Amino acid sequence: MERPETNGLYDSANALSAARQTFACLTQPSRRQFMCNLAAGGAGFAVLGLQTAAWADQFQAQEIDNPLANYPNREWEKVYRNLYHSDSQFTFLCAPNDTHNCLLNAHVKNGVVTRISPTYNFHKATDLQGNRSSQRWEPRCCQKGLALVRRFYGDRRCKKPMMRRGFKQWIEDGMPRDPNTGAVDAEKYLQRGKDPWIAVTWDQANDYSAQALVDIARTYSGKEGQQRLVAQDYDPLMAESTNEAGTQVIKFRGGMPALGMTRIYGMYRNANLFALLDDKIRGKGPDGSLGARGWDNYSWHTDLPPGHPMVTGQQTLDFDLCNVEHSNLVLVWGMNWICTKMPDSHWLTEARMKGTKIVVIACEYSSTANKGDEVLFVRPGTTPALALGIAQVLIAEGLFDSKYVAGNTDLPLLVRMDSGKLLRASDVSADYEPAELKNGITILEPGQNPPLPYLQPYAVVSKAKRLEWGDFVIWDETRGELASISRDLVGRFMTDAGLQPRISGTVSVTLSDGRKVECRTVFDVTRQMLDQSYQPEQVAKLTSAPADAIRGLARQIAANPEKTLFCLGMGPNQFFNNDLKDRGVFLVAALSRNIGHIGGNVGSYAGNYRGAFFSGIPQYIAEDPFNIELDPNKPARVKRYYKPESVHYFNHSDRILRHGNAVLTGKTHLPTPTKAILVSNSNSLIGNAKGHFETVVNTLRRVEFVSVQEWWWTASCEYADVVFPVDSWAEFKYPDLTISVTNPFLYVFPATPLPRIFDTRSDMEVMSGIAEAIGTQLKDSRFADYWRFVREGQARPYIQRVLNFSNATRGWQVEQLEASAAEGAPTMLETRTYPKYGGWEQTYESRPWYTRTGRLEFYRDEDEFIDSGENIVVHREPIDSTPYEPNVIVSAPHPLLRPKQPSDYGMDPNDLSGDARQARHVVLTVDEVLATNHPLKKYGYQFTFHTPKYRHGAHTTPVDLDIIAVWFGPFGDMRRLDKRMPGVSEMYVDINPMDARGIGVEDGDYVWIDADPADRPFHGWEHNPEWYRVARLLARARYYPGTPRTVTRMWHNAYGATYGSVQAAMTSATGLAKSQSTNYQALFRSGSQQSCTRGFIKPTQMTDSLTIKEALSQVMAQGFVPDVHCPTGAPREAMVRITRAEPGGLEGRGLWRPAAIGMRPTYESDSLKRFIAGGFQEKA
Amino acid sequence: MPKRGNWQIGRQQEYPYEGAPPKRQVAYIFDTNKCIGCQTCTVACKTCWTSGKGEETIFWNNVETKPYGGYPVGWDLNLLREHPPARWQGKQLYSITIFENKSGAETPPSGHRPKSEDYAHPNLGEDDIAGMAELGNHFGPDHPMWMFYMARICNHCDNPACVAACPRKAIYKRPEDGIVLVDQERCRGYQECVKACPYKKVFYNIVSRASQKCIGCYPRVEQGLVALCVESCIGKIRMHGFLSTQEPPREDNPLDYIVKFRKLALPIYPQFGTGPNVFYIPPLHVPDGFLDMIFGPGVEEAKKMYRNLKNDPLLLGALMLFGASPQIITRYAVEGEVAIGWNDKNEEVARVPFVEPVYERPHFDKDREVYRHNTA
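As they're listed, the protein sequences go chains A and B. Per my numbering, the first sequence starts with residue 1, numbered consecutively. Per my numbering, the second sequence starts with residue 1181, numbered consecutively.
It should be emphasised that the hints constitute simulated quantities derived from the structure, not laboratory data. Given the structure is predicted, the values throughout are model-derived calculations rather than measurements. A couple of the hints might just be wrong.
[Unchecked claim] Dumping the calculated EDC-like pairs for lysine to aspartate or glutamate here, alpha-carbon to alpha-carbon at most 20 Å:
| id | chain 1 | residue 1 | chain 2 | residue 2 |
| --- | --- | --- | --- | --- |
| 1 | A | LYS563 | B | GLU1528 |
| 2 | A | LYS1179 | B | ASP1545 |
| 3 | A | LYS354 | B | GLU1262 |
| 4 | A | LYS354 | B | GLU1402 |
| 5 | A | LYS357 | B | ASP1322 |
| 6 | A | LYS78 | B | ASP1357 |
| 7 | A | LYS1179 | B | ASP1468 |
| 8 | A | LYS124 | B | GLU1536 |
| 9 | B | LYS1349 | A | GLU481 |
| 10 | B | LYS1484 | A | GLU374 |
| 11 | B | LYS1203 | B | ASP1492 |
| 12 | A | LYS354 | B | GLU1540 |
| 13 | A | LYS1179 | B | GLU1481 |
| 14 | A | LYS78 | B | ASP1468 |
| 15 | A | LYS1179 | B | GLU1262 |
| 16 | A | LYS357 | B | ASP1492 |
| 17 | B | LYS1484 | A | ASP127 |
| 18 | B | LYS1271 | A | GLU77 |
| 19 | B | LYS1203 | A | GLU1178 |
| 20 | A | LYS1179 | B | GLU1480 |
| 21 | B | LYS1490 | A | ASP373 |
| 22 | A | LYS124 | B | ASP1322 |
| 23 | A | LYS357 | B | GLU1536 |
| 24 | A | LYS78 | B | GLU1365 |
| 25 | A | LYS124 | B | GLU1540 |
| 26 | A | LYS354 | B | ASP1472 |
| 27 | B | LYS1546 | A | GLU841 |
| 28 | B | LYS1349 | A | GLU75 |
| 29 | A | LYS541 | B | GLU1314 |
| 30 | A | LYS354 | B | GLU1527 |
| 31 | A | LYS124 | B | GLU1480 |
| 32 | B | LYS1443 | B | GLU1427 |
| 33 | A | LYS78 | B | GLU1356 |
| 34 | B | LYS1546 | A | GLU1178 |
| 35 | A | LYS1169 | B | GLU1402 |
| 36 | A | LYS1169 | B | ASP1472 |
| 37 | B | LYS1183 | A | ASP65 |
| 38 | B | LYS1349 | A | GLU63 |
| 39 | B | LYS1295 | A | GLU1164 |
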């Protein structure tokens, strides 16, 4: 056998391995030296091999007759015992935003973490009442966490503060700007991704950052500042939104902050602190100053299921995944549970073992499909229609629970056929006095503040808002007349009140002004919609699901009230019609009484988002910077100066949605222009953003400062100005806290005994450092005081304040939690139940939902919804991923469907460009839709390209480590025999073999994948070959028979190509796509899966009118609420054209070997065919 | 050549050496219905045992997707192709094992040595299905298109082919637990074991110039702990323990019970005659033909038994103990809806409810002055 080359091993984990073995060998007798080198390798391997062989030859070999009976020399077995031995161990928490949060043991040898293992102590979690979890939870870990030994020491660690040369120059040149517009010379100073990097001191990094931030805030303050923004071509409404505070163009983002209560949420604390900066500049004092802006998370990641708040008024309904064992029927709906919820997969497979039926609805044979007792493949992006088809059957066959529907949904409420508005009691009677509400609500009198978060029993609302809601009207069957129904009267309270609403029918109502209007129940108009357009045969045409399958699902669901779980994943959520999907699924769940039960509920699974478990977080992030509390034992005084904002506008080329003559971004949502970005713990903002290259090439060029806090050099670092290196999870010097939305535990990141491996600091120390540098510049000590405890080496006072003020944690002391975590055990979150499940209060205590009506709402009578044609739940075709006309509303004419048409907005009805589609409300019947075409179809754009998450990465963590990457799909090769490979593995597109054949692509070939050339990979690519070479997507094609024809798939997780990685691949001898200046390792030769996506924003997610609950408290709000009601984009949508680039064989010659030797789908050798058929046996 | 009894093929077979069985035999049960293909086992093994130079392509543990996957490429297909097909009558094998092939020029055991390229692409075939998916497909519980994950380690066989093939007699089976080891001091790297092992679970280290294989995590087994691949298995698909060898099997030994009494878990390619000690619970959704070829007789009965687990508390209880403790469970019992496991020292190491307990908390906690919420 040839000696394999090892240059493919690009991780410095080799260095770690060598170091660890060298250490180990030094401590062992010389006789063991041989074995050390043998068992694990060491430096100078080749020569050493010969030496050790010579040494071993001196060993007297003993004769052995029968090794099965007797083996004499077992002394050597010590070798592996020594290799296994650790000197010590400690516990740390691994939490890469996958919702699991595993406490892990790190095993230390000679001061180095050499391996990682699960703690097996999750069954020691307790609550304040002394309840305890069981061993069902063991073990908690995954391959990505265990591989972190190579990341702590890897060569892509952020090791010291780094600064981009152009940025450094800009500061040193005195921050010059265009005298007319205030813009920074992009050609000279903003060559992000191309500029070299310079190592700087911490003081320099802090000081230069502070200078930039103060200058940006000054430049864009006042009327002049706003004029500069307009001169730079920003939307005037956005410029106006700064309210003249320059601090408002500075954007902070902590990536999924619930994952780090102190160190990630801390970004927003600094955003709040910036009110002091504004005060220094504009002198408006504590009442007139504004902080910075804080970007959203859950909604930015398209994790938010935006229809949940539309139905329930609340961020998201979900339940701990372990609840699956209480259900009879589980619909795993566009969720790849097996790949993305790995430590909780056993709950699913064990439920199945105990008799639960698993139904998998997907657009491919996913790894979850192989656990399915019933499997259904549907066309991507069509499950809103599927839900409506199921609902149609439930109603048409009389399979729904009319009592539940009457008491808990808006279906019996009357809607006016003239205006499309819900009939209010005040419409009927002019002097109607709204009922005094008592059930599950606290009404605030004018001037009254909400109770402290932990003393909020239920929803909290101002009196004015309550009066605005009014009361609604039903037809009461008992009395045979119209009756007003207040928000209180839900569940048993409605029954107790003796009301029996009629669900169906038409009523002629005389209004208080004497006019007669026809009213129908919401149920009635919904049923008409379903019967006209969503009968199973119609839905079958849209979704491909057979009509029988739809009927079968409906009947099974109806047969299992309180016992059917709807587990929705990112699949359907990442389509533009995601809110309609939620509304449809809730309709099915409500009709079948499957909401709020442990075994019957709706859940959406994406992201670890629920900051509300830290409802006391304002104690930390909104401490009043003008009035700082420096006594660690006292609570902070809270005053919020920062403003939240959705990143989706930045991702939309830093634009709002203007459509013809209309602005469809609500006033409550309006963003400001983005001139500075400070981000921690997130590669999604830049490196893995949808439309990544639009961000990098076009949008980022207008941003004047970008700082990134990371412990691993990501693509976001590649495009930053300053990279602040922070501690890895194994090196935390301060404890931190997190929670989970899929399991019932509260977690501590323990502070660890491992010394810092590089010149890193904690995230909080970085924030504190920047703040202090600003304070130094402005000669104001409050900037330093804001982080006083951190400066004194303490995080606990901040943590304890939040624990004390949060509903789910009050009662715990941080030291107790730390002690438990050090033993590898989490503690339980103090929710109403263990395990937790949403909707419990509404279901078991008849409390109202967080809506105006207190009911689950399926009719939306706000103007924005009526104008969009989404007042009644409908299906819309995907905005790009459809072979038909994008984003059309599917419906036959319906009396309440009256959307604004393109002409109403002054738009060309034939304009089907990406931008125009966003508010294009054309209505077509099912058959009409099927007769249309995607506008690019005629140019060969025939494949739906979707980009789900996969098992080998939690986002991009830690996909580029060799021992993870080599398992990531079929192209991994530790030896990198084909030098075209970007690393020891590379990304690929899954394509149906018959489709691939049709376009002349062989298995393993390299292909170009192009989306709409009008806006992707970035606007203006035609004139920018230098960046087009970086941005155009090139990847392997894998023949994947599990993706139906027309569906293609590329995993979301890989690191995309950057300017540096492409340069390296073209110029270095190894061909590695690994930046020579930063070590950034791409898994693409060029482009990324985000070359094909773009930012889209949807009008119904930007309303000023929707009534919802705030994310962090029980307080009711209206319009924009970050991570609750705001745009979510469509990051899984693209129609692509695929063309062959290069043959897959070695160095571009011939067929890829596995196909050539007959081991691949459709290339099977005769023996492989026989093998698959089970043919190597003969039964007698 | 001596004859040895092989219970997995229901007959005596040839094997070059005689020898009493070990005091007890280390054994594993893998439930393919629970395997998620995550490779956590692979990484747990790799980071501890084979992270050095020369070991880049050595994976003592791997998970492959059947039918297209396999590491090294085609490890089983290439042997099946060369070997006469298995012929079973009931539970008895009538065809020859790899130790009984006298037709060829080479002496048994029959085998093949993979090419170096076969060690590229460790996850070739990942998630690939046999058959072709189409939009609108609707099926179940049997899948017309299918794949399943198969985790693989050394089988620590009763009749190890590696032991049989080693010209230097550097491979042995430990009498105390049946773990098969390559003596790293004695091995000279002839690679006959690599060729002979039908499972291709002995690897050649190009740097140390010796063959290396899964050591059954003996440093852990000696401490009563399960192997690292078992400890880290989040799919909870694995149970690691001992089969009784010199005494009759015991119903309260979960491995004996599942493998010997109930025959829910089946050996992998028993027709090769190595007497492998990793036993697989077959995947419910996969056609019997393929599974019969891989796991031998008993697939249909095993599937039926698995589908009926909810009515079979003793068997269900044994399965609920998978992954409950890092300690090896040698005795178990089911009390109501709780499975209890004890270690070799008779200490209780697992107490597993069939259903996780559910607790309720008051809306207002008076002592701590706080409202609690589920719908937050």
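Status of each hint after checking the structure:
no. : hint                       : verdict
1   : LYS563(A) with GLU1528(B)  : violated (34 Å)
2   : LYS1179(A) with ASP1545(B) : violated (67 Å)
3   : LYS354(A) with GLU1262(B)  : violated (42 Å)
4   : LYS354(A) with GLU1402(B)  : violated (34 Å)
5   : LYS357(A) with ASP1322(B)  : holds (13 Å)
6   : LYS78(A) with ASP1357(B)   : holds (17 Å)
7   : LYS1179(A) with ASP1468(B) : holds (12 Å)
8   : LYS124(A) with GLU1536(B)  : holds (13 Å)
9   : LYS1349(B) with GLU481(A)  : violated (95 Å)
10  : LYS1484(B) with GLU374(A)  : holds (18 Å)
11  : LYS1203(B) with ASP1492(B) : violated (31 Å)
12  : LYS354(A) with GLU1540(B)  : violated (24 Å)
13  : LYS1179(A) with GLU1481(B) : holds (16 Å)
14  : LYS78(A) with ASP1468(B)   : violated (44 Å)
15  : LYS1179(A) with GLU1262(B) : holds (19 Å)
16  : LYS357(A) with ASP1492(B)  : holds (18 Å)
17  : LYS1484(B) with ASP127(A)  : violated (41 Å)
18  : LYS1271(B) with GLU77(A)   : violated (38 Å)
19  : LYS1203(B) with GLU1178(A) : violated (36 Å)
20  : LYS1179(A) with GLU1480(B) : holds (14 Å)
21  : LYS1490(B) with ASP373(A)  : holds (16 Å)
22  : LYS124(A) with ASP1322(B)  : violated (40 Å)
23  : LYS357(A) with GLU1536(B)  : holds (19 Å)
24  : LYS78(A) with GLU1365(B)   : holds (11 Å)
25  : LYS124(A) with GLU1540(B)  : holds (18 Å)
26  : LYS354(A) with ASP1472(B)  : violated (25 Å)
27  : LYS1546(B) with GLU841(A)  : holds (19 Å)
28  : LYS1349(B) with GLU75(A)   : holds (16 Å)
29  : LYS541(A) with GLU1314(B)  : holds (14 Å)
30  : LYS354(A) with GLU1527(B)  : violated (28 Å)
31  : LYS124(A) with GLU1480(B)  : violated (40 Å)
32  : LYS1443(B) with GLU1427(B) : holds (18 Å)
33  : LYS78(A) with GLU1356(B)   : holds (16 Å)
34  : LYS1546(B) with GLU1178(A) : violated (72 Å)
35  : LYS1169(A) with GLU1402(B) : violated (44 Å)
36  : LYS1169(A) with ASP1472(B) : holds (16 Å)
37  : LYS1183(B) with ASP65(A)   : holds (17 Å)
38  : LYS1349(B) with GLU63(A)   : holds (9 Å)
39  : LYS1295(B) with GLU1164(A) : holds (19 Å)
The structure fails to meet hints 1, 2, 3, 4, 9, 11, 12, 14, 17, 18, 19, 22, 26, 30, 31, 34 and 35 from the earlier list, while all remaining hints are met.
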